[in-house]
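Trainee: Letter by letter, the chains look like this.
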Amino acid sequence: MAEMIRYDDSGARFWRVALYTTLIVFAVFYLLPLFVMLVTSFKSLDEIRQGNMLALPVQWTIEPWLKAWGTACVGLTCEGIHGYFWNSIKMVVPAVTISTILGALNGYVLTKWRFRGHKWVFALMLFGCFIPFQIVLIPMSQVLGKLGIAGDTAGLVLVHVTYGIGFSTLFFRNYYEAFPNELVKAAMIDGAGFFRIFWRIMLPSSGPIIVVTVIWQFTNIWNDFLFGASFAAGEGAPMTVALNNLVNSSTGVKEYNVHMAAAVIAAFPTLLVYVVAGRYFVRGLMAGSVKG
Amino acid sequence: MSEKNSAVADWLRQHLPKLVLSPSFAITIFFVYGFILYTAFISMTKSKMLPNLSKFVGFENYPKLWKTLNWQVALDNMLVFGFLYIVICGVLGLFLAILLDQKIRAEGFLRTTYLYPMALSFIVTGTAWKWFLNPGLGLEKSMHAWGFESFKFDWLINPDMAIYTIVIAGVWQSSGFVMAMFLAGLRGIDSEQLKAAQLDGASTFQTYWRIIIPQLRAVYLSAFVVLAHMAIKSYDLVVALTGGGPGRATEMPATFMYSYTFTRNQMGIGAASAMIMLFTIAAIIVPYLYAETREKQDG
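Here the protein sequences line up with chains A and B, keeping their order. Residue numbers are given in numbering that gives the first Met the number 0: position 277 of the first sequence equals residue 276, and the series is strictly consecutive. Residue numbers are given in numbering that gives the first Met the number 0: position 96 of the second sequence equals residue 95, and the series is strictly consecutive.
Looking at chain A on its own, in the form it has when it is part of the complex (with noise of 0.2 Å):
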């Protein structure tokens, strides 16, 4: 209450509007490219020539969805962006749920199981989580031409678990090494082994690490486009080179509306994750860039 009072003088209450209006303004900077995305996926082509970027449609269609989403072409094939979205689910959906676990079992040995070089093999497994993957792009490619699944939905699984162990396993390590070794050493004393532990006292517990990782992993995932785009060619691309090879394809006539509609298609999965779950979103940003 105490500061109420003393905004009441006018100098004070400028400042307050001031402060205001800044924080609207970067409100605005931020909102405006999905609006812009937004109206014009509803408008057709006429009208994006026509009328303003800024302005609402003057004549809703959602013609340009249905076409992003059914018949637009994509590189050689005229389907729409809907069967990229389903490669891009179905990359996804293993790929997290995979590194995931792995990303427990890791954190749960590098701190309740302890053993001699435990802090290298950790380091090692951190670094990995950090170069860039230009470096890796090589010997790839030949070790998924060898193992039959270059261009493939499995080859892409594969890539983005080995590469997402890192960051999963960083996140349960630090988790776990919160959690109190007492409880760990006692359900020892009564027998119980090292999956019985795990199964029964720390996932128990894990709950928002693993939403945390969950989320972390299925943004990344779902968001890569180099390793999209140097191991998945054609139709077993996911859904962010399908968007690039939409928009930036050089033949015919540009339709920004159905680009736009697939820009937004795009976006959704991460967006509503961000929506739903925002909280846990930010935990998980702060945990890979802070570490510790």
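Please note that a few of the clues may not be correct.
[What the hints assert, rightly or not] Using C-beta positions, here's what the derived DEER-type ranges look like: (1) ALA282/B to ALA54/A: 48 to 58 Å; (2) ILE61/A to PRO245/B: 30 to 40 Å; (3) THR70/A to LYS151/B: 46 to 56 Å; (4) THR96/A to ASP9/B: 31 to 41 Å; (5) GLU191/B to VAL57/A: 53 to 63 Å; (6) THR70/A to TRP208/B: 57 to 67 Å; (7) LEU30/A to LEU220/B: 23 to 33 Å.
[Unchecked claim] Selected chain B positions facing chain A (Cβ under 10 Å, derived; list incomplete): (8) ASN4; (9) LYS17; (10) PHE34; (11) TYR61; (12) LYS63; (13) LEU95; (14) LEU99; (15) GLY175; (16) ARG216; (17) MET256; (18) ARG263; (19) ASN264.
The hints are simulated quantities; they were obtained by calculation from the structure and are not laboratory data. Note that the structure is predicted; figures quoted are calculated from it, not measured. The beta carbon of each residue, even a glycine, is placed where N, CA and C say it ideally should be.
Given the structure of chain A, go ahead and fit chain B onto it with the hints provided.
Mentor: Positioned in the frame of chain A, the structure of chain B alone reads:
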């Protein structure tokens, strides 16, 4: 027999944790460190379209890389983009965090609004900004429609300015995240100190300038490392926004590596450029990880 079985079981029990960890560790050793060595070797060969291990040339590719005009352009662009991206994200992030820390109504909504671009793919961001900045139909046209007839904004197709469109889109995507890092830092500052300063008659501005901003040192470091790391790796955004063009005006090390390796059949040079990227990132990340993990593990 049973004794032997129980010996095996004992051994298993004893080594089970390591066995569980070993697949992940083996994957890391092979797919990270093995691959780095392999790429290092490729960078010392005359590989063209495919890896060719027999044509060993030592370090010859590295001076050649340095003399390549495209690589020089990529490095210049990297410096311009990296510097502006890091500085603008940092300043804007700190500025917004301080504003949001003033007991703002609807703080949650504003925070969410500033941060959501971070959930998007760079491809989506690039697509959105490419449309927004479209010289014919985008912002320029809107300004004309509002009566600013002479307004001109053709940065996307202007070789001298195109790199700045990547800065704009990159800042748009990442500054909210930096804001969140600074906000967390601000919330962690001891409020007693602030009260004491205010009792001494320090203005809000003085309090921030003298007491709070210097205390956020750890956050500056983290933000710098994260942003530098993202800047060096930036590939998607360039591809989606400008495709490296117009011409080669927005070529970056990441796009250079990709095109030399996979489309220009100069794999040896491409591998060398990937090694330079790795060393640059390692020079930033390794000391940082070392300091961060050592602090933690002393306890």
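Trainee: Taking the hints in turn, state whether each one holds.
Mentor: Hint-by-hint comparison with the structure:
1. ALA282/B to ALA54/A: 48 to 58 Å: Because 49 Å falls inside the window, the suggested range holds.
2. ILE61/A to PRO245/B: 30 to 40 Å: At 34 Å between Cβs, range holds.
3. THR70/A to LYS151/B: 46 to 56 Å: About 37 Å separates the Cβ atoms of THR70/A and LYS151/B, which means 46 to 56 Å is violated.
4. THR96/A to ASP9/B: 31 to 41 Å: holds (33 Å)
5. GLU191/B to VAL57/A: 53 to 63 Å: holds (59 Å)
6. THR70/A to TRP208/B: 57 to 67 Å: 59 Å Cβ-Cβ, so the 57 to 67 Å window holds.
7. LEU30/A to LEU220/B: 23 to 33 Å: About 31 Å separates the Cβ atoms of LEU30/A and LEU220/B, which means 23 to 33 Å holds.
8. ASN4: With a closest approach of 17 Å, the ASN4/B hint is violated.
9. LYS17: Holds. Min distance 6 Å.
10. PHE34: holds (4 Å)
11. TYR61: violated (15 Å)
12. LYS63: Since chain A brings no Cβ nearer than about 18 Å to LYS63/B, farther than 10 Å, the hint is violated.
13. LEU95: Holds. Min distance 6 Å.
14. LEU99: holds (7 Å)
15. GLY175: This hint holds: GLY175/B lies near chain A, its Cβ roughly 7 Å from the closest one there, short of 10 Å.
16. ARG216: violated (13 Å)
17. MET256: holds (5 Å)
18. ARG263: violated (14 Å)
19. ASN264: Since the shortest Cβ distance to chain A is 13 Å, the answer is violated.
Checked against the numbered hints above, the structure violates hints 3, 8, 11, 12, 16, 18, 19; every other hint is satisfied.
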